[in-house]
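Here the numbering used here is used: the first residue of the sequence shown is 10, the next is one more, and so on.
Simulated from the structure, these hints should not be mistaken for lab results. Ideal Cβ positions, reconstructed from N, Cα and C, are used throughout, including at glycine. Just so you know, not all the hints are guaranteed correct.
[Said to hold, decoys possible] Label-pair distances were calculated between CB atoms; the ranges are:
(1) Pro-81 - Pro-215: 19 to 29 Å
(2) Leu-163 - Trp-227: 51 to 61 Å
(3) Arg-218 - Arg-300: 28 to 38 Å
(4) Pro-46 - Ser-289: 39 to 49 Å
(5) Gly-79 - Ala-198: 51 to 61 Å
(6) Arg-218 - Leu-139: 25 to 35 Å
(7) Ala-69 - Gly-290: 36 to 46 Å
(8) Met-17 - Asn-280: 36 to 46 Å
(9) Ile-184 - Pro-55: 40 to 50 Å
(10) Gly-290 - Leu-139: 39 to 49 Å
(11) Asp-253 - Pro-215: 41 to 51 Å
(12) Trp-227 - Val-130: 35 to 45 Å
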Amino acid sequence: MTFRGLLMWVHLVLGLTGAIVLGIAGVTGAFITFQDPLHRWLNPVPRVDTAAGNAPDILAIVTVAEARGGSPATSLELRPPGDAAVVVLRNRTTVFVDPGRATVEGTRPRRFASLYNLTRVMRGLHTNLLLGAKGRLVVTFVTLEALVLILTGLWLWWRKKAWRFGPWRGSAFRISWDLHNASGLWFAAPLLAMVLTGLLIAVPGPIYRVAGAEPAPWLNPPESLPAAPGATAVPLARAIAVADSVEPSLPVEGLAIPSVPRATYGVRKANRTVFVDQYSGAVIEVRADRRPTAGDDAYQVVEDLHTGVLLGLPGTILMTVGSLMLSVMSVTGAVLGWKRVLILAGRVGRDS
10 MTFRGLLMWV HLVLGLTGAI VLGIAGVTGA FITFQDPLHR WLNPVPRVDT AAGNAPDILA
70 IVTVAEARGG SPATSLELRP PGDAAVVVLR NRTTVFVDPG RATVEGTRPR RFASLYNLTR
130 VMRGLHTNLL LGAKGRLVVT FVTLEALVLI LTGLWLWWRK KAWRFGPWRG SAFRISWDLH
190 NASGLWFAAP LLAMVLTGLL IAVPGPIYRV AGAEPAPWLN PPESLPAAPG ATAVPLARAI
250 AVADSVEPSL PVEGLAIPSV PRATYGVRKA NRTVFVDQYS GAVIEVRADR RPTAGDDAYQ
310 VVEDLHTGVL LGLPGTILMT VGSLMLSVMS VTGAVLGWKR VLILAGRVGR DS
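Assemble the whole structure, with the sequences as input and the hints as a guide.
This is the structure we're talking about:
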């Protein structure tokens, strides 16, 4: 067997074994690259005309949101001037409130068939096939297969000028052959970048070793002390007052309101959060925001290159189309590979 023949067989076997996963990764990747614009277009935050200098009344915002949604609030986010405040309720309804006037500007129930849930499913499929750690291992292995497929494909078909699109006529096999070869060569660069960055995201150790810095730790919020039987949570107003006593010069920018027994109030002020015990009203911790290390910054660059965000809208479009082409090549490659299997089995002729 010649070296070219060996590469052909490697390409065939890897393509057939990874076709389904690569097809899923391509479709979900195309969605993920545009998830932020999709959320801005389909789930916009209402704009408000609030006079400058009007300090938001946090309690009033939460009160009107709870009254409109019929459920206790779990979080509040004060966005940049001109945007409505975003209050999420325990029933998963989002209420938008004018922060200056404390008037409701709109609501958005969290339905099962929602863009939010679709995004979670797409990201789960893309990273682990919704199978947890085992699925993540499968996706990583198939991504490595994709790297070998790209390199062997370039070696096999570049000299044959397979990058030329011919007229689409003949059998499905013939069309699949032309589309598979030409698409693979035309999109080799973005696909190679996508696969290499995908491997680094899955196994980020080399990124942090090159950057010479470990990732900054992610810390969970502290817990409230166990409550006595029959104890109730202190009012939100008291939690805010306690946080104001610790950081009197900083305005409240966000809230996390406990919805389970051991959770705490989290009062966000500038670049820190004051955590308050929900039963005693005592300050548990004042925690500064997580500060990324050089390794975290390098990881973010790799992630932005993976999605194309690093190059702006043109890069996002390029990676989106490249992801779709990955799915196209998976389908056409499976057609070609199955045809080769049928030929070897004597079920069809080479010219059929």
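Evaluation of the provided hints:
no. : hint                          : verdict
1   : Pro-81 - Pro-215: 19 to 29 Å  : 46 Å, violated
2   : Leu-163 - Trp-227: 51 to 61 Å : 39 Å, violated
3   : Arg-218 - Arg-300: 28 to 38 Å : 20 Å, violated
4   : Pro-46 - Ser-289: 39 to 49 Å  : 45 Å, holds
5   : Gly-79 - Ala-198: 51 to 61 Å  : 53 Å, holds
6   : Arg-218 - Leu-139: 25 to 35 Å : 31 Å, holds
7   : Ala-69 - Gly-290: 36 to 46 Å  : 21 Å, violated
8   : Met-17 - Asn-280: 36 to 46 Å  : 57 Å, violated
9   : Ile-184 - Pro-55: 40 to 50 Å  : 48 Å, holds
10  : Gly-290 - Leu-139: 39 to 49 Å : 42 Å, holds
11  : Asp-253 - Pro-215: 41 to 51 Å : 46 Å, holds
12  : Trp-227 - Val-130: 35 to 45 Å : 24 Å, violated
When held up to the earlier numbered hints, the structure conflicts with 1, 2, 3, 7, 8 and 12 and fits the remainder.
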